[in-house]
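Number of protein chains: 2
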Amino acid sequence: MSVRHSEVRSGAYYDSVVLMQLQRGLAELPGVLDAGVVMGTAANRELLEESGLMTEEAAQASADDLVIVVQAQDDDAARAALGQVDSLLKRRRSAAAQSFQPRSLDGAVKQMPDARWVLISVPGRYAADVAREALTLQRHVFLYSDNVSLQEEVELKHTAREKGLLVMGPDCGTAIVNGVGLGFANRVRRGDVGLVAASGTGLQAITAHVHQLGGGISQAIGTGGRDLSDDVQGITTLQGLSLLDRDPETEVIVLVSKPPSADVAARLLSVAQGLSKPVVVYFMGQPVAVRQAGNLHFAFNLADAADLALVAGFPDITDLAPPGSDAPQVQPQGAYLRALFSGGTLAYELLLGLQNVLSPIYSNAPLRESQRLENALRSHGHTILDLGEDQFTQGRLHPMMDNELRIRRLRQEADDPETGLILLDVVLGEGAHPDPASELAPVIAEVVEQRQKPVGVLLVGTDEDPQDIEQQAARLEEAGATVYQELSLAVEEAVNLLASSSPVETGPPVSLEPFSEPLAAINVGLESFYNSLRGQGAEAVHVQWRPPAGGNEKMMALLAKLKAQQ
Amino acid sequence: MSVRHSEVRSGAYYDSVVLMQLQRGLAELPGVLDAGVVMGTAANRELLEESGLMTEEAAQASADDLVIVVQAQDDDAARAALGQVDSLLKRRRSAAAQSFQPRSLDGAVKQMPDARWVLISVPGRYAADVAREALTLQRHVFLYSDNVSLQEEVELKHTAREKGLLVMGPDCGTAIVNGVGLGFANRVRRGDVGLVAASGTGLQAITAHVHQLGGGISQAIGTGGRDLSDDVQGITTLQGLSLLDRDPETEVIVLVSKPPSADVAARLLSVAQGLSKPVVVYFMGQPVAVRQAGNLHFAFNLADAADLALVAGFPDITDLAPPGSDAPQVQPQGAYLRALFSGGTLAYELLLGLQNVLSPIYSNAPLRESQRLENALRSHGHTILDLGEDQFTQGRLHPMMDNELRIRRLRQEADDPETGLILLDVVLGEGAHPDPASELAPVIAEVVEQRQKPVGVLLVGTDEDPQDIEQQAARLEEAGATVYQELSLAVEEAVNLLASSSPVETGPPVSLEPFSEPLAAINVGLESFYNSLRGQGAEAVHVQWRPPAGGNEKMMALLAKLKAQQ
Chain A
527 MSVRHSEVRS GAYYDSVVLM QLQRGLAELP GVLDAGVVMG TAANRELLEE
577 SGLMTEEAAQ ASADDLVIVV QAQDDDAARA ALGQVDSLLK RRRSAAAQSF
627 QPRSLDGAVK QMPDARWVLI SVPGRYAADV AREALTLQRH VFLYSDNVSL
677 QEEVELKHTA REKGLLVMGP DCGTAIVNGV GLGFANRVRR GDVGLVAASG
727 TGLQAITAHV HQLGGGISQA IGTGGRDLSD DVQGITTLQG LSLLDRDPET
777 EVIVLVSKPP SADVAARLLS VAQGLSKPVV VYFMGQPVAV RQAGNLHFAF
827 NLADAADLAL VAGFPDITDL APPGSDAPQV QPQGAYLRAL FSGGTLAYEL
877 LLGLQNVLSP IYSNAPLRES QRLENALRSH GHTILDLGED QFTQGRLHPM
927 MDNELRIRRL RQEADDPETG LILLDVVLGE GAHPDPASEL APVIAEVVEQ
977 RQKPVGVLLV GTDEDPQDIE QQAARLEEAG ATVYQELSLA VEEAVNLLAS
1027 SSPVETGPPV SLEPFSEPLA AINVGLESFY NSLRGQGAEA VHVQWRPPAG
1077 GNEKMMALLA KLKAQQ
Chain B
527 MSVRHSEVRS GAYYDSVVLM QLQRGLAELP GVLDAGVVMG TAANRELLEE
577 SGLMTEEAAQ ASADDLVIVV QAQDDDAARA ALGQVDSLLK RRRSAAAQSF
627 QPRSLDGAVK QMPDARWVLI SVPGRYAADV AREALTLQRH VFLYSDNVSL
677 QEEVELKHTA REKGLLVMGP DCGTAIVNGV GLGFANRVRR GDVGLVAASG
727 TGLQAITAHV HQLGGGISQA IGTGGRDLSD DVQGITTLQG LSLLDRDPET
777 EVIVLVSKPP SADVAARLLS VAQGLSKPVV VYFMGQPVAV RQAGNLHFAF
827 NLADAADLAL VAGFPDITDL APPGSDAPQV QPQGAYLRAL FSGGTLAYEL
877 LLGLQNVLSP IYSNAPLRES QRLENALRSH GHTILDLGED QFTQGRLHPM
927 MDNELRIRRL RQEADDPETG LILLDVVLGE GAHPDPASEL APVIAEVVEQ
977 RQKPVGVLLV GTDEDPQDIE QQAARLEEAG ATVYQELSLA VEEAVNLLAS
1027 SSPVETGPPV SLEPFSEPLA AINVGLESFY NSLRGQGAEA VHVQWRPPAG
1077 GNEKMMALLA KLKAQQ
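Chains A and B, in that order, give the protein sequences.
When you line the first sequence up against our numbering, it's residues 527 to 1092, in that order.
When you line the second sequence up against our numbering, it's residues 527 to 1092, in that order.
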């Protein structure tokens, strides 16, 4: 037998540490079996219900109410426990106010003018106001709080960008600035790997792996999970990439995110391609069809991203090869790729490999509708054609047998001033044309010599194929084509010749100074983050923050109204 | 100056080789500048237009009409060329009929009763009928033709399955049976890698890579691109997997496809997990978050699939490790995974890694809506929970700081008879709980010892973290948990303990005999495929096929009507 008593207090603010400690304090009292102390949101009431701690009174609570439930052996014990609530709350408060602490951000800045960083972990509905104030005071913001609206995020980040400041977050769990972890962060060796991450434990897992593998971290910049959305457009990520590219301690950059918006991903990679350092990219949930494209290295999971970060700094053997038969003999004059493929799967994999690094890209066999080529007979932007598609094969031999359509199209693309590179596949073997090079090589020679368009050929076949692969390759190369036997090499050429990089800066660059001087920070919210900063040897000041009007919603509305009228 | 003349012939059938040769013949005549010979489909008329070969007459043609256009120096040359059409067509016909060839499939079977295979490459609208006849004659079908309806494909494959026969295709470009390439196929060494592919040039590229790497191919089975759709449900793929699993020559199986339906993918992998051999899986365009799960190896591109095929046969070093602290100390009694994670990204990557290998799988942070857990407070099937989601953190500390919710949930899952394995993440470092093991270990011990549920912990941290990672790991292990420092190892355990394999057979198994005896085949359609078979030393007979009623649609309809009335 047990009894359950509850109490609901409306309109008062308690931070989550206070709630946790009150709950633990109650649970330890004599005769108490279990206790629940939560703000009365719908989700929390469901959790109480699930824990067998619901009462009639608690069921009526609203989101702003503090709900206290005690399950005890008998009524006396329950009543006694609830009678202790105030003294338990008081004990907690006096423990916190041990030293002199400012009561406002403004006061904290006066107390520690060198602090360039403000850590904010107050409840979401107050967080944007605190962040706004920090930016006004010309401080970088680490915004741990969640439940900040998207609109507020966009507004804060625009303001920050204009001022050359960073807003990491909202909902940013982690960062490492000049060796000091902010929020949740693993202690790791200093080193030459810099991270920008729209993913908290993703950043932690990668930094921990890099450390375990013997590497180290220069800076790790969190952005919050929504930074790569269409609304935010990667503002913080772009600032971070610029910063790491300029940072002399950083040799390799790692960019990690849960699935970004397709547009933002393309934009980011275009910027990343323009950086002077190798960039390891892990876009979770996106297929990795090529491992490397120019300075970009694509990872397929967190551990792999850490592995790549440690090898990406070393130039690939293929990068060291002297320019020769492998380098295109002419320089492109147009900007766009035109791939005229006979193999549907090869065209598909080419599109998979290039869709994030060449933009805009279209195909008659697209991966998503926005990539669909309006008229398959006319190329547009970067175009990847599957000439084995039904449209091209009605009453006609497959292009692996009959080169006629491809030859016409080759000439058409060569005539297009927008064409910068033409890629073909040539698939040898049984059933295929007995000598494709004999028909394609003369046209390729014409395209390369007369129109000055580089041509690459992906040659699929074996030394046992009836066409003699060596001879086919030689003939195509003599005509001026670059011949590849692996798709990833063709991708590499396309990227090297055609990838256009976007400038990284979209506002005044964030100064490197706060990343190289000893960290000093102001903490508003969870005291444990302050303790962690001090424990790491950083200078820090904790603000004795209380919400305006003690968190009373009605009073807050009234204050806001008065302020607006001033 | 040039002139353009055209001629339209209605209602007659010509195969695509004839059309190509007529076009070439015309283009070589004196005074002819260009020629176009096509069936008058909308797509082909557009192509004529694009090539500058359109005439008023040709613009009026319909899909069943043969359109002949000649561009010449003058009217005389054009007229003369068109006057040659009939003799050019005749020349072609007499060249083809060199030897005695049967005029029907039935006749071919009588001529070569040992032929177990029928290759069909007639136009799509006739192809299903020919395939149906081949199945009735108890022959395997290689169906190169495209433009066969989905409904016909389903019907043909159901019929074939009941008879223990394969229908590779429609739109199947390639296969290798007992060393002989069907359709388009590269010549490769015999070896121990067997393929099942819903992708033509994908299969070719992988077999060619395997050959170039020194390996060889046992059998390569094409299925047609739609086999893994919801409609067809992978009938041919499943037959192929069963066949390769039973085939004594095959040591490693490669399964490759353009993106399959999610349901079919899950079904297939469940079957693949039950096979006795390693299976390399390349589902194009799907993210690869783990490289290995049980006997499955996931590839990220075609070349990688070939690489994996050659190493997948060798047991991994971790597979050789003796069971010890790494093996779970209790055997699961329930069937389902319950992952209670504090790190959103870690939960996300776990779901990415498991979504295709454990089914059904749900989450409060799903990758797609069909995975959404209806009520986050109650697990269902395999469940991956992100306890850092908003629902769980309103007015509450993050689960990386406060273990209370996780502990309650741990007990809840332990009480659920459906629970087979519980996975937790424990993230160490700054900001996180100072000693998570002290709170979690006692509950884990209770779950492992009293409820006999295995518990795995993904431990993220470094040797410099304030919590002392060694001690944390030791404490968790003493409590009975298996501790992993990499997510892929946790995935591996979940798969080993919980993955349920489905039986592979869905009809009488396809006999291995036709795959081990010298290939003999009947060819209906493109003569070049017959020539290729003979060139490879296979026995073959070519059918002098003509469509019913000479391809005249009205006559065909009349014949069908008469037949139905019989």
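Don't read these hints as lab results, they were simulated from the structure.
Heads up, a few of these hints could be off.
[Said to hold, decoys possible] Coverage of chain B stretches by chain A, computed from C-beta distances (three or more under 8 Å per stretch; other residues unrestricted):
hint : region
1    : 541-550
2    : 563-576
3    : 630-644
4    : 883-897
5    : 949-956
The structure displayed is predicted, hence computed values, not measured ones.
Just so it is clear, CB atoms sit at the ideal spot from N, CA and C, and this is done for glycine as well.
Hint check against the structure, violated hint numbers in rising order: 3 and 4
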